[in-house]
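Assemble chain W onto chain X, guided by the hints.
There are 2 protein chains.
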Amino acid sequence: MTPPLRIAVAGLGTVGAGTLALLARHDALLAMRCGRRLEVTAVCARDRDRDRGVSLDGIAWHDTVESLAHADGDVVVELIGGASGAALDLARAALAAGKHLVTANKALIAHHGPELARIAEGAGLNLAYEAAVAGGIPIVKGLREGLAGNRIDSIHGILNGTCNYVLTTMRETGRDFDDVLGEAQALGYAEADPSFDVDGIDSAHKLAILSSVAFGADIDFGAVYVEGIRGIAPLDLVFAEELGYRIKLLGLARAEAGGIAQRVHPCMVPKAAPIAQVEGVLNAVVADGDFVGGTVYEGPGAGAGPTASAVVADLIDIARGGRVPTFSIPAAEMRALAPVPIENRIGPYYVRLMVVDRPGVIADITACLRDHQVSMETMIQRARKPGEAVPVVMTVHDVKEAAMGAAIDQIGRLPTVLESPHMIRIEAL
Amino acid sequence: MTPPLRIAVAGLGTVGAGTLALLARHDALLAMRCGRRLEVTAVCARDRDRDRGVSLDGIAWHDTVESLAHADGDVVVELIGGASGAALDLARAALAAGKHLVTANKALIAHHGPELARIAEGAGLNLAYEAAVAGGIPIVKGLREGLAGNRIDSIHGILNGTCNYVLTTMRETGRDFDDVLGEAQALGYAEADPSFDVDGIDSAHKLAILSSVAFGADIDFGAVYVEGIRGIAPLDLVFAEELGYRIKLLGLARAEAGGIAQRVHPCMVPKAAPIAQVEGVLNAVVADGDFVGGTVYEGPGAGAGPTASAVVADLIDIARGGRVPTFSIPAAEMRALAPVPIENRIGPYYVRLMVVDRPGVIADITACLRDHQVSMETMIQRARKPGEAVPVVMTVHDVKEAAMGAAIDQIGRLPTVLESPHMIRIEAL
Numbered sequence: 215m216t217p218p219l220r221i222a223v224a225g226l227g228t229v230g231a232g233t234l235a236l237l238a239r240h241d242a243l244l245a246m247r248c249g250r251r252l253e254v255t256a257v258c259a260r261d262r263d264r265d266r267g268v269s270l271d272g273i274a275w276h277d278t279v280e281s282l283a284h285a286d287g288d289v290v291v292e293l294i295g296g297a298s299g300a301a302l303d304l305a306r307a308a309l310a311a312g313k314h315l316v317t318a319n320k321a322l323i324a325h326h327g328p329e330l331a332r333i334a335e336g337a338g339l340n341l342a343y344e345a346a347v348a349g350g351i352p353i354v355k356g357l358r359e360g361l362a363g364n365r366i367d368s369i370h371g372i373l374n375g376t377c378n379y380v381l382t383t384m385r386e387t388g389r390d391f392d393d394v395l396g397e398a399q400a401l402g403y404a405e406a407d408p409s410f411d412v413d414g415i416d417s418a419h420k421l422a423i424l425s426s427v428a429f430g431a432d433i434d435f436g437a438v439y440v441e442g443i444r445g446i447a448p449l450d451l452v453f454a455e456e457l458g459y460r461i462k463l464l465g466l467a468r469a470e471a472g473g474i475a476q477r478v479h480p481c482m483v484p485k486a487a488p489i490a491q492v493e494g495v496l497n498a499v500v501a502d503g504d505f506v507g508g509t510v511y512e513g514p515g516a517g518a519g520p521t522a523s524a525v526v527a528d529l530i531d532i533a534r535g536g537r538v539p540t541f542s543i544p545a546a547e548m549r550a551l552a553p554v555p556i557e558n559r560i561g562p563y564y565v566r567l568m569v570v571d572r573p574g575v576i577a578d579i580t581a582c583l584r585d586h587q588v589s590m591e592t593m594i595q596r597a598r599k600p601g602e603a604v605p606v607v608m609t610v611h612d613v614k615e616a617a618m619g620a621a622i623d624q625i626g627r628l629p630t631v632l633e634s635p636h637m638i639r640i641e642a643l
Numbered sequence: 215m216t217p218p219l220r221i222a223v224a225g226l227g228t229v230g231a232g233t234l235a236l237l238a239r240h241d242a243l244l245a246m247r248c249g250r251r252l253e254v255t256a257v258c259a260r261d262r263d264r265d266r267g268v269s270l271d272g273i274a275w276h277d278t279v280e281s282l283a284h285a286d287g288d289v290v291v292e293l294i295g296g297a298s299g300a301a302l303d304l305a306r307a308a309l310a311a312g313k314h315l316v317t318a319n320k321a322l323i324a325h326h327g328p329e330l331a332r333i334a335e336g337a338g339l340n341l342a343y344e345a346a347v348a349g350g351i352p353i354v355k356g357l358r359e360g361l362a363g364n365r366i367d368s369i370h371g372i373l374n375g376t377c378n379y380v381l382t383t384m385r386e387t388g389r390d391f392d393d394v395l396g397e398a399q400a401l402g403y404a405e406a407d408p409s410f411d412v413d414g415i416d417s418a419h420k421l422a423i424l425s426s427v428a429f430g431a432d433i434d435f436g437a438v439y440v441e442g443i444r445g446i447a448p449l450d451l452v453f454a455e456e457l458g459y460r461i462k463l464l465g466l467a468r469a470e471a472g473g474i475a476q477r478v479h480p481c482m483v484p485k486a487a488p489i490a491q492v493e494g495v496l497n498a499v500v501a502d503g504d505f506v507g508g509t510v511y512e513g514p515g516a517g518a519g520p521t522a523s524a525v526v527a528d529l530i531d532i533a534r535g536g537r538v539p540t541f542s543i544p545a546a547e548m549r550a551l552a553p554v555p556i557e558n559r560i561g562p563y564y565v566r567l568m569v570v571d572r573p574g575v576i577a578d579i580t581a582c583l584r585d586h587q588v589s590m591e592t593m594i595q596r597a598r599k600p601g602e603a604v605p606v607v608m609t610v611h612d613v614k615e616a617a618m619g620a621a622i623d624q625i626g627r628l629p630t631v632l633e634s635p636h637m638i639r640i641e642a643l
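Here the protein sequences line up with chains X and W, keeping their order.
Heads up: take any position in the first sequence, counting from 1, add 214, and you land on our numbering.
Heads up: take any position in the second sequence, counting from 1, add 214, and you land on our numbering.
Just so you know, the hints here were simulated from the structure itself, not pulled from any lab data.
Where a beta carbon is used, it is the ideal one built from N, C-alpha and C, also for glycine.
Watch out, some of these pointers could steer you wrong.
Which residues of chain X face chain W? A few of them, derived with a C-beta cut under 8 Å, are [unchecked claim]:
(1) LEU236
(2) GLY363
(3) PRO520
(4) ILE530
(5) PRO539
(6) ILE543
The following block holds chain X by itself, in its conformation from the complex (with noise of 0.2 Å):
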């Protein structure tokens, strides 16, 4: 039998806990599936004397990322976490030291992605980030593997499951949005802070990477376009339920022409469409292939479980020899591909307004719309007292998002439109 693949693992939180648990637990499963043993030989963390629950006998216990990136082992994990700082100095050196390098560190990679990869590749060495996308799902693996065959038109997802656990409950229950955040934080599921999430940051970095594993181009976190869900109203998912849509947070990335158009915001979605079917902490991505046509991958996209799952399915990767460029083709040849603005977006638009309700209000809200050459399609008003202020909700046809946004700041402009009005994008998938 080969020789044990040796690990070192720095960061024991909940899923380095996880992945030492698994490795331990499945200690002759993954013998048998890779012709040699998973074996942790190092590990570092903060907190010697924490129990995490797992035994750490035997193996080697560093103070500092820079000693365990020269620590006996083969391929070192990382799972500290942050864009920088430790994990980044961590990454180079492991790599520059000859190990292969795992993590589930999602904004290392969207960050220095590329750099990493180049580094790794020079090397002949692996860099493996499954865990960093989607949880337990597959889906990098399924991109530059499964689907390699084609070129990949788009691919769309619910990279977040605090998201879609906020806006599944907002839905359910009809209570807001900072009413159920303060729920997900009491159970769990949303950070103390928790903008990384409803702000869309942490779907963007997602998207950034499997943009590059779709497109094979450079990963460009900053062209990705954001925008989170703090302000989607129970109100807005009253009528979408009544216009045929659900609301979710999506990340988009479509090959255009001119270039790749990414983008992280609130879209309405049919209810008939897989995604809209995905619920509560649950991610799923849908990918569209020139010959394999539509194929989507859901599962739980966070937790110690599911991301130890995805790490040592990288790990069992390496042990068994495989590899692969690392964003799908070599990372010397990937290029910046050019961003395609949001401005450029054309598709259907859903906007709530609370208005005065008076002769004339929806008059010149039409105005408005005119004057920018947009087409209306429907209108939704709800009656209360007069005098009183009223939701109106509107979609309208096919227009450039440029378009949308000038008739918006117009009507928003009106005395008789009260708040800001708010817009969703609608799209059909």
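What follows is chain W alone, placed relative to chain X:
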């Protein structure tokens, strides 16, 4: 750059022509992804003169599979079909000649997979069959590599698009089986001889293969319990809807104490289950792993494009130098696992009866249930004119299949019960 991977293709039907079309269209893209070209060097098919819409210029023509197996090439792609005959001859000859083998042939793999894997692995060759299961969905790779960190506890899936199309259309239109099947044949979704599809054989082939990958066991096609969809009546779909279920032909495999249960039969599944949402000709597979939890894979299960996508994914793996155990563990280590017979199933059931509407009928039926300790959950009886035959459906709580079968036999012999009772298993999933 590494020399091209030279490919010999046997069979130029829809899938063969689709594979050649894909390789031609994406020649440069695949060379970039693999670091070498994928070059078709030889083909073999029945009719040399048929126009297949793809160019055979510069490709050597062979009249026999024996000749093709020894043609200039690194890989033989078998797209002939059938569990034995030319396909099996070619597979053995190709491996004996030192060629990797890629096939889309589920019957061949279900019947001869372990034998061929032992030959291939013994010779350091790849045997790859992603296209044999669920068309374009990379489910073999997903299970064997993406989820390889997990003990797989169970899998279930819609593995035959024809059956799913027929059941979906019956539900949507209220038309009966023969009518919808005829239409499916006219549309090209069903074969002239539909029995492989509608009697569940095709699903059973695929399930037996997936079981082997999931559980690292010898393929045991003979142990799969198989029941098709011919017995499903429009009335069953109406009652299923009323009871909160959808009817799907599922393949299910589960590791149980004492072995593996493998079965293909119509199931009533809760409308909210992921698999219930999969409609029309689509396929889907749900895999449950001990660390990852449940993951779902959905997409087109047949057709030239999706199947070519899967065939080429296998070729790309080979071109990139990938080597993983054919069925997730080394073929030499694969063992038969004891089959768990269908009689051991414990679960709820749905039963439809046609009865004479006269006093005492229900008392007789419920007495039969009582005699076998079967506990009724719901009963629905639709009134017709007195003395006419009426349908009665009931669902029963968890009970062993053997007891349920005995109760149904007894019910079927009651003089007031007019047709053979029809039973459908309910799966909570």
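Outcome of the hint check:
1. LEU236: Interface hint status for X:LEU236: holds (5 Å vs cutoff 8 Å).
2. GLY363: OK, holds: X:GLY363 within 8 Å of chain W, min 3 Å.
3. PRO520: Where the cut-off is 8 Å and the nearest Cβ of chain W is about 5 Å from X:PRO520, the hint holds.
4. ILE530: The hint holds - X:ILE530 has a Cβ within 8 Å of chain W, the shortest such distance being about 5 Å.
5. PRO539: 7 Å, holds
6. ILE543: 5 Å, holds
No hint from the list above goes unmet by this structure.
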